[in-house]
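Just so you know, the protein sequences line up as chains A and B, in that order.
Mapping the first sequence onto our numbering, position 109 (from 1) lands on 109, and the numbers just tick up by one.
Mapping the second sequence onto our numbering, position 55 (from 1) lands on 1055, and the numbers just tick up by one.
Calculated directly from the structure, the hints in this document are not laboratory data.
There are no misleading hints in this set.
To spell it out: a stretch of chain B is covered by chain A in this simulated footprint if at least three of its residues, at any positions, have a beta carbon under 8 Å from a beta carbon of chain A; those stretches are:
1) 1038-1050
2) 1087-1100
3) 1103-1110
Ideal Cβ positions, reconstructed from N, Cα and C, are used throughout, including at glycine.
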Amino acid sequence: EDKVVQSPLSLVVHEGDTVTLNCSYEVTNFRSLLWYKQEKKAPTFLFMLTSSGIEKKSGRLSSILDKKELFSILNITATQTGDSAIYLCAGRHGGATNKLIFGTGTLLAVQP
Amino acid sequence: EAGVAQSPRYKIIEKRQSVAFWCNPISGHATLYWYQQILGQGPKLLIQFQNNGVVDDSQLPKDRFSAERLKGVDSTLKIQPAKLEDSAVYLCASSRPGRDEQYFGPGTRLTVT
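Sequences and hints are given; from them, build the entire structure.
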């Protein structure tokens, strides 16, 4: 059965800290790994990773994929209160359906 | 470009009543998805359309849930009759053909009492 597991489930840090969020996956015919940020209701797209070892970067956020060990990490440096959100990772199922299998998310709270 | 539009944003109904949600995807996105997100969980795919055809509805509880996308653009998701465990946020997403990134609408928060 396809599954995506995220850790930690929740995290409280102070502004300026660096955080690492983890995502492990077992997805049939895996094609890509996606990260989303969910603040209120709509998840917003952050990154898509398809190749191992190639870091994707956007400002203070970066992510990398390890297809051998079946995991990905999302790093956030110099955290700000606006980074407080649920971070979801999803494995993209290969084949005709191309559906996303989501993890339960990591709830990040950044305190001033 | 305009994002995915959904309505209503909130809905409260009693169990055994029916409810319908509407979604308008991003222009040019042929693939449309409906997800159910129960509190504390990640979104779970209910149904996926490619244009007006169903690609995957394996996790749609077909005894009470139905969805359509008649003209390949807007879509509606219906629940009839609703149960308490249907309380969740219903998210609509869309993507371009062949692209993995899905873009989500604001969702509809359904509360069944």
